[in-house]
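Make a model of the complete structure from these sequences and hints.
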Amino acid sequence: MTAYGVLRSEWVKFRSVRAMLGCLAGAVVAAGSYGYLFGMAAAREYLGASAADRAAFDPTETAFRALVLAGVLVSAVGVLAVTTEYAAGTMPVSITALPRRGLLLLGKGAVVALTTLLIGPPLALLSFTLSQAALAAQGLPSAGAGDPGVPAALLGAGLFTGLIGLYGMALGFLLRRSAGAISLGTFLLILPGMASLFPKPVARWIVTWWPSAAGARIFAVHPGTELLAPLAGAGVLAATVLVLLCAAVAVFQRRDA
Amino acid sequence: MIELRQLTKRYGEVAVVDGLSFDVRPGVVTGFLGPNGAGKTSTMRMILGLDRPTSGSATIGGRRYADLPVPLREVGALLDAHAVHPRRTAFDHLLSLAYGNGIGRRRVEEVLGLVGLADVAGRRPGGFSLGMKQRLGIAVALLGDPPVVLLDEPVNGLDPEGIRWIRTLTRSLAAEGRTILLSSHLMSEMALTADHLVVIGRGRLIADTGLETFVQSAARQGVLVRTPDARRLASLLRESGATVRPGADGGLLVTVMSSAEVGALAAAHGIVLHELTPRRASLEEAYLELTGDSVEFATSAAGVVS
Numbered sequence: 001m002t003a004y005g006v007l008r009s010e011w012v013k014f015r016s017v018r019a020m021l022g023c024l025a026g027a028v029v030a031a032g033s034y035g036y037l038f039g040m041a042a043a044r045e046y047l048g049a050s051a052a053d054r055a056a057f058d059p060t061e062t063a064f065r066a067l068v069l070a071g072v073l074v075s076a077v078g079v080l081a082v083t084t085e086y087a088a089g090t091m092p093v094s095i096t097a098l099p100r101r102g103l104l105l106l107g108k109g110a111v112v113a114l115t116t117l118l119i120g121p122p123l124a125l126l127s128f129t130l131s132q133a134a135l136a137a138q139g140l141p142s143a144g145a146g147d148p149g150v151p152a153a154l155l156g157a158g159l160f161t162g163l164i165g166l167y168g169m170a171l172g173f174l175l176r177r178s179a180g181a182i183s184l185g186t187f188l189l190i191l192p193g194m195a196s197l198f199p200k201p202v203a204r205w206i207v208t209w210w211p212s213a214a215g216a217r218i219f220a221v222h223p224g225t226e227l228l229a230p231l232a233g234a235g236v237l238a239a240t241v242l243v244l245l246c247a248a249v250a251v252f253q254r255r256d257a
Numbered sequence: 258m259i260e261l262r263q264l265t266k267r268y269g270e271v272a273v274v275d276g277l278s279f280d281v282r283p284g285v286v287t288g289f290l291g292p293n294g295a296g297k298t299s300t301m302r303m304i305l306g307l308d309r310p311t312s313g314s315a316t317i318g319g320r321r322y323a324d325l326p327v328p329l330r331e332v333g334a335l336l337d338a339h340a341v342h343p344r345r346t347a348f349d350h351l352l353s354l355a356y357g358n359g360i361g362r363r364r365v366e367e368v369l370g371l372v373g374l375a376d377v378a379g380r381r382p383g384g385f386s387l388g389m390k391q392r393l394g395i396a397v398a399l400l401g402d403p404p405v406v407l408l409d410e411p412v413n414g415l416d417p418e419g420i421r422w423i424r425t426l427t428r429s430l431a432a433e434g435r436t437i438l439l440s441s442h443l444m445s446e447m448a449l450t451a452d453h454l455v456v457i458g459r460g461r462l463i464a465d466t467g468l469e470t471f472v473q474s475a476a477r478q479g480v481l482v483r484t485p486d487a488r489r490l491a492s493l494l495r496e497s498g499a500t501v502r503p504g505a506d507g508g509l510l511v512t513v514m515s516s517a518e519v520g521a522l523a524a525a526h527g528i529v530l531h532e533l534t535p536r537r538a539s540l541e542e543a544y545l546e547l548t549g550d551s552v553e554f555a556t557s558a559a560g561v562v563s
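One line per chain: the protein sequences are A and B, in this order.
Using this note's numbering, you'd call the opening residue of the first sequence number 1 and step up by one each time.
Using this note's numbering, you'd call the opening residue of the second sequence number 258 and step up by one each time.
Wrong hints could be hidden among the right ones.
A partial selection of chain B residues facing chain A, derived with a Cβ cut-off under 10 Å [said to hold, decoys possible]:
hint: 1; residue: L305
hint: 2; residue: D308
hint: 3; residue: P328
hint: 4; residue: I360
hint: 5; residue: F385
hint: 6; residue: G388
hint: 7; residue: L399
Worth flagging that the hints you see were computed from the coordinates, not collected in a lab.
For glycine and all other residues, C-beta sits at the position ideal for the given N, C-alpha and C.
What follows is the structure in structure tokens.
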């Protein structure tokens, strides 16, 4: 029972279920289409803004916002890697083949993390390129992929999606049902988008500290000082995911399969 | 060898498995019987480390399942034939389980051939018949060529040819010296397949005995009597401590009394007998008699547990 064998085993499971591959494809579509739409929205905002606001315009600010929405599908990949096993009833079979459940979870985590990590930078590049193209098409200031801070944001996207994939997997282990885990996972991910519904201090806290908002700071090309620094924000997300994973391990090992 | 010692599983107040102790020995097919909800599947799940016993232990060759270094090489199990992802091909299903146990593609192809699924290896089990899924489940159980095999209701939903195949397979696995624990509801099938029986009811051991002994223990007590004076004989028999039930077409089924005693009683009271037949029960009858209700099995348990 080698780590390599466990990895191969989980990879066979991953590649042979269409739902996960479908979600990855969906994430590409989401990153591209929302990237373009956010670019268009930024352009409209620019055209209606005052001269002072125009001078402060940062074309990269909305370039990666689509990644949070694509993240919904990335987290679903993590969820499904677990819940498809519960739904098909294969979890007991998997556990009898690999009764060291911690190792089973780790192997699954490695496959989920690796695939979702690898897809992050391409998703980010797609979103970035289309949003900047939307700006440039209207003759507005836009950024290039080689501009200072952009390559770091593109690579950081891998960290973001990798963590989001693990976040989904942890929810999958905790809830065991696709619908429940995906709904909850989605709600928690996009909550910062609804921050304005809350009283100001709460909204402020959410935008700063809510794990998905903090984690998205990794995309800040010009971070400023108002919110968390990119790596600090990613650290908040990573810590949250770690707590969820520990809970998942504890529950998975204790629960009857 | 599988060893259960005071194995118990409680959900709150309810004991699904209650202080179960028995051994499953190598070289024979051990049939595992009990009514629905008796705790057979729970017992197997605890042997396989899927459910955590409330107390007691289940070990395989002295070790808990979770402590086996390469479990599929030591124990093979079929619990639920439906436990396959409908879109993952038969080959990939086996391969994903094989890799974690250091088993390669060659063995996967081999077991697919062994269970007769070589032609559909690349097909998705979503379209498989129950019989094909059962075969796939057996392939999983045999993947690591294990010395211990647990099969939970393997003949469910199989056609006569499939049932016969399972019978031949389990018997030959046992003949090779493997330890086989097999549960089934089909008594006629169990009578043909098992050498040894473990019967449980409400989570408790009712019988742990050879198949022949088990059947005889029930048959010994049965006598079919036919007489024109049935009512009088029945009340006389009851007064003498026998249990009397109406048998087929007007006969009386007498238990807990030998045919000689019944005959003597009838003669002593001048009752004419048309038939007096010691009945050898089938496994099914023996089983039903023993598991019929909790009162019955409580009284007969002492006599049968060996």
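Tell me the hint numbers this structure goes against, listed in increasing order. 5, 6 and 7
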